[in-house]
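Protein chains: 2
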Amino acid sequence: MKTDPESHQRMTQRRQEGHVKKQAAATVEKGLLIVHTGNGKGKSTAAFGMAVRMLGHDQRIGVVQFIKGALHTSERDFLGSHAQCDFVTMGDGYTWNTQNREADIATARKGWDEARRMIESGEYRMVILDELNTVLKYEYLPLDEVLAVLQAREPMVHVVITGRHAPDALIDAADLVTEMRLVKHPYREQGVKAQRGVEF
Amino acid sequence: MKTDPESHQRMTQRRQEGHVKKQAAATVEKGLLIVHTGNGKGKSTAAFGMAVRMLGHDQRIGVVQFIKGALHTSERDFLGSHAQCDFVTMGDGYTWNTQNREADIATARKGWDEARRMIESGEYRMVILDELNTVLKYEYLPLDEVLAVLQAREPMVHVVITGRHAPDALIDAADLVTEMRLVKHPYREQGVKAQRGVEF
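As given, the protein sequences belong to chains A and B, one line each in that order.
For the first sequence, the positions run 4 to 203 when the working numbering is used.
For the second sequence, the positions run 4 to 203 when the working numbering is used.
Hints in this document: simulated from the structure, not taken from any laboratory.
Hints may contain errors.
Which copy is meant is left open, because identical chains are indistinguishable; a pair holds if it fits in one copy or across any two.
What the hints assert, rightly or not - In silico EDC-like cross-links for lysine to aspartate or glutamate, where the CA-CA straight-line distance does not exceed 20 angstroms:
1) Lys33 with Glu123
2) Lys187 with Glu9
3) Lys33 with Asp61
4) Lys187 with Glu32
5) Lys44 with Asp89
6) Lys71 with Glu9
7) Lys196 with Glu157
8) Lys44 with Asp175
9) Lys44 with Glu157
10) Lys196 with Asp178
11) Lys187 with Asp171
12) Lys44 with Asp116
The shape of chain A in the complex, shown without the other chains (with noise of 0.2 angstroms):
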């Protein structure tokens, strides 16, 4: 996209006069249920940047991992030592490491309780569930339960919900969902292994 420096400036131009209207008029402020879905890499690694965000501004948050493994080690170190952060992993691993239906079930229930204590508490400025979508998705938990722990919280809460597979209803409810899609993935086909940093 190249232009004449007229057209260019006219463009931009135009451009900033709809940023500033547009900031003008978003004046609420309110808690928003955000969804990170899709078979792409980045849905848990974002939440993680936002929380490492809010600790910067110095708000509480609270993270829930339902399984073990999503987040990897150095986010659990950096998020666990933080005074500002709960932080509390549930998962007994990836679902086809247990290969016990009914033990996932109470693990998913565990970590459930503590993740609606975390949201009821109003003491969260933002709570992250780490892959309840996938526990959503195997009916580990009622979705309607959820949903309607969601809707009863506190205004100001953030909820930040991760994982492949977000259910419909789920997306219904959101304030904003982000699809993290797969576009090009080759190096695993290439022998290459799960790296420091970039996988964990």
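Got chain A; can you put chain B on it based on the hints?
Just chain B now, kept in the frame of chain A:
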């Protein structure tokens, strides 16, 4: 997806076997060219999350921010103050704030000189080029020159490039491409303003 306990166990067992086989085959370590693109949120935030992770592993990283504003103050403060991170901000603001194509090109060139230095030095395990896609889309830098430097880099250097509209040739050259796709973002229309932790 509800299944009886036996078929659930068979399914999860098969998955675990596949997972273990894949892991055993993956032995190569190499620097990856990673691209985050698309119209959704999380492109810079997920790159920032990787940066925090690299620092957690005590790896040295470099960040060049081509357009100020994509990574926000709290991220800049966090990364900029870390001994293992060299952080450079080049942008004069969003492109539509300068309204001067020649000035934008000069700024992009300065940013790229810094980026090239980081990539070629071999001293950084990861180099994040935040919003470089936008710079390439506006043709503020020649794509061929950028691709040549990326392809000639030290084999262990990860490069992460963010921004909308990643050029096709960059996607072709990349090892891992994720599109952050906007599924739902209604709150801008509801007058909700940018909020701490979520947007900055």
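Hint by hint, which ones does the structure fall short of? 2, 5, 6, 9, 12
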